[in-house]
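*Asks:* Working from the sequences, and respecting the hints, build out all of it.
The chain contents come next:
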Amino acid sequence: MSELETLVSEHDVSGAAQVASAPYAEGLHHVADTPDGPLMELNMGPQHPSTHGVLRLVLRVEGEVVRYCDPDIGYLHTGFEKDFERVTYHQCTPFTDRMDYLSPLGNNLGYALTVEKLLGETVPVRAQRIRVILAELARIGSHLIWLGTHALDLGAQSAFLYGWREREKILEINEMISGVRMMTSFIRVGGLMADTPPGFEDAVREFVRYFRPRCDEYEDMLTSNPLWLDRTRGLGAVGPEKLMELGVGGPVLRAAGVAHDVRRDEPYSGYEDYDFAIPTGVHSDVYDRYLVRIQEMRESINIVEQAVARLEPGPVVIDNRKVVLPPRHELDTSMEAVIHHFKLVTEGFRPPAGELYVGVEGPRGELGYHLVSDASNKPYRLKVRAPSFSLIAAIPDMVVGGLVADVVAILGSLDFVLGDSDR
Amino acid sequence: MADAPQGAETGAAVDLLQQVRATIDDRLPGALAGDDGSRPEPALLVAVDRLVEVCRLLKEDPALEFRLPLHVTAVDWLTREPRFDLVYELRSLKLKGRVRLKVRLADTAPAGGGVYADVAAPTMAEMPVLPSVSGVWPGMACHEREVFDLFGIRFEGHPDMRRILMPSDWEGHPLRKDYVSFGEPVKFTDRGSFAPDSAVPRGAPD
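In order, the protein sequences belong to chains A and B.
So that you can map any letter, position 210 of the first sequence is 210 in the working numbering, and since no number is skipped, the others follow by simple counting.
So that you can map any letter, position 172 of the second sequence is 172 in the working numbering, and since no number is skipped, the others follow by simple counting.
Quick caveat, the hints were computed from the structure, so don't treat them as lab data.
Here the structure is a predicted model, which means the values were calculated and not measured.
Ideal Cβ placement from N, Cα and C applies to all residues, glycine included.
It is possible that some hints are incorrect.
Unchecked claim - Only pairs whose alpha carbons sit at most 20 angstroms apart, straight line, appear in this in silico PhoX-like list of lysine-lysine:
#: 1; chain 1: B; residue 1: Lys94; chain 2: B; residue 2: Lys59
#: 2; chain 1: A; residue 1: Lys322; chain 2: A; residue 2: Lys343
#: 3; chain 1: A; residue 1: Lys242; chain 2: B; residue 2: Lys94
#: 4; chain 1: B; residue 1: Lys177; chain 2: A; residue 2: Lys82
#: 5; chain 1: B; residue 1: Lys59; chain 2: B; residue 2: Lys102
#: 6; chain 1: A; residue 1: Lys242; chain 2: B; residue 2: Lys59
#: 7; chain 1: B; residue 1: Lys102; chain 2: A; residue 2: Lys242
#: 8; chain 1: B; residue 1: Lys59; chain 2: B; residue 2: Lys96
To be verified - Every beta carbon over 12 angstroms from chain A, so not counted as near; a handful from chain B, in silico:
#: 9; residue: Gln18
#: 10; residue: Gly34
#: 11; residue: Asp36
#: 12; residue: Asp49
#: 13; residue: Glu53
#: 14; residue: Asp61
#: 15; residue: Lys96
#: 16; residue: Thr123
#: 17; residue: Glu156
#: 18; residue: Ile164
*Replies:* Given below as structure tokens:
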């Protein structure tokens with residue numbers, strides 16, 4: 001027996017006896033019969049901080065190299081799709097806030113557009129523009145959390161604090177318009193919860209002015225930082241064809257060089273009127289995803305600036321009393337308004353029977369709602385096409401063959417939200 | 001609310017649907033069972049046994065290129081025959097549009113007649129079954145697992161048919177309309193049940 005063979009046989013780790021004798025082996029065990037030979041099985045999550053929520057990855061590793069990965073989700077499954085079927089259309093809106101909890105207003109927007117399309121209604125221009133402002137601010141807020149946590153995972157602490165600082169200003173705008181910082185349910189079927197208060201436009205302009213230089217600041221910290229480059233370049237690269245087959249869209253697909261954006265391909269809420277670019281990457285790796293998202297924040301702030309410049313006074317809800325609540329002052333003088341109010345609050349409205357799908361560009365890809373109506377006051381079926389669900393399905397293709405330490409970088413670059421994938 | 005049916009969609013979406021229908025009729029005659037008649041967005045009805053061929057054609061035809069599958073889901077029409085609609089939403093970046101395929105799938109337990117051993121939880125062998133399209137788009141595999149988990153519909157040829165959202169030892173399939181999500185059906189004098197509304201499946205006999 002050669003020296004090498006002796007060494008290997010002494011360090012054979014495939015036997016179950018060694019596992020049983022190891023005091024620290026809780027959560028680890030060896031799997032002998034895999035196509036790659038004996039491997040160690042490693043649970044990553046659901047309480048691992050870099051899984052950004054409660055994602056569990058079952059990894060099988062050969063030394064430090066990942067040979068197999070099985071994402072396990074459902075820890076945050078709340079059964080929203082079942083809940084949708086027992087509440088009225090207006091009561092569904094707060095559920096949508098709580099799915100992708102980093103972009104509640106973007107979720108509201110998709111849901112409201114779906115029901116409005118079924119009703120054949122189009123909201124007034126002012127409501128559309130405010131919706132665009134809020135959805136883009138939500139996208140920036142979501143990207144800031146991504147930037148902060150992703151950089152923190154890779155050891156860059158400052159970006160985390162910077163990202164949180166800027167997001168606070170977006171939450172303050174949310175609080176100003178709705179009284180709530182995160183789960184605002186401000187975008188509703190038929191328009192908005194209310195018109196924006198005085199000072200909203202100034203606050204948004206102030207944020208635009210404040211935020212532009214901050215993007216440069218993030219780039220100063222990271223874009224040409226050698227540590228950041230070493231840690232992100234060439235990782236998790238999957239070609240565009242494969243990504244599409246996996247159902248992945250949004251910034252991850254754009255980082256692979258595909259200029260697909262639902263705001264451009266199937267415009268909604270007047271996005272066709274705004275001038276914005278669709279940033280794309282080349283290498284489809286963690287670094288390009290970073291570049292694409294930073295550039296997207298700049299484009300979003302451009303859209304916000306254009307929308308706020310075009311904001312004109314006007315109604316913010318549709319003129320259909322069967323769908324939206326009457327103004328408060330009418331309740332004092334109009335019996336009809338009282339009846340509409342009562343019927344809407346107790347029963348809701350009954351859209352025509354039908355079936356449709358509406359997709360919007362969320363911060364992490366196409367967020368879609370597939371709605372089936374049986375002409376009753378509750379959705380018969382409302383399926384949410386969650387972008388995070390498809391992103392998580394793509395994890396094995398990105399991490400297998402790489403190192404365990406790189407899994408953290410790749411998970412961060414995908415920017416999924418478990419509330420979104422599990423619903 | 002006006003009960004008048006919404007008008008069909010116009011413009012690009014209709015043209016795209018026509019183009020897809022013409023291509024399928026040309027290349028795979030007989031695979032389409034027509035439109036499903038749903039408004040405002042009609043879907044193409046596909047015969048169950050031709051589903052995989054149709055999907056492959058939509059993905060690979062150079063004029064269509066439906067390469068980005070969005071999702072597959074099911075709709076449970078409890079009292080209708082056939083009971084389930086399977087809905088496939090596909091996106092083509094080339095045509096900048098979507099198409100929806102629909103497959104009607106009968107339940108294995110005939111309506112009103114024989115039922116599963118346990119109504120809410122058919123066994124794997126008792127489940128309605130249709131071919132998996134995960135061979136065409138690998139990304140559909142996780143969506144099919146979700147349908148399996150929440151509706152109890154099995155996909156033939158799926159590489160990994162396990163639950164995905166619910167715990168692996170869960171009984172029943174929650175998005176079926178006859179799945180009672182909570183509450184206890186207690187008999188009272190003036191109504192069938194005092195349980196919350198959701199405990200009484202819509203479509204169930206009064």
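*Asks:* Against the structure, test the hints numbered earlier, and report the numbers of the ones violated in rising order.
*Replies:* 7, 11, 15, 18
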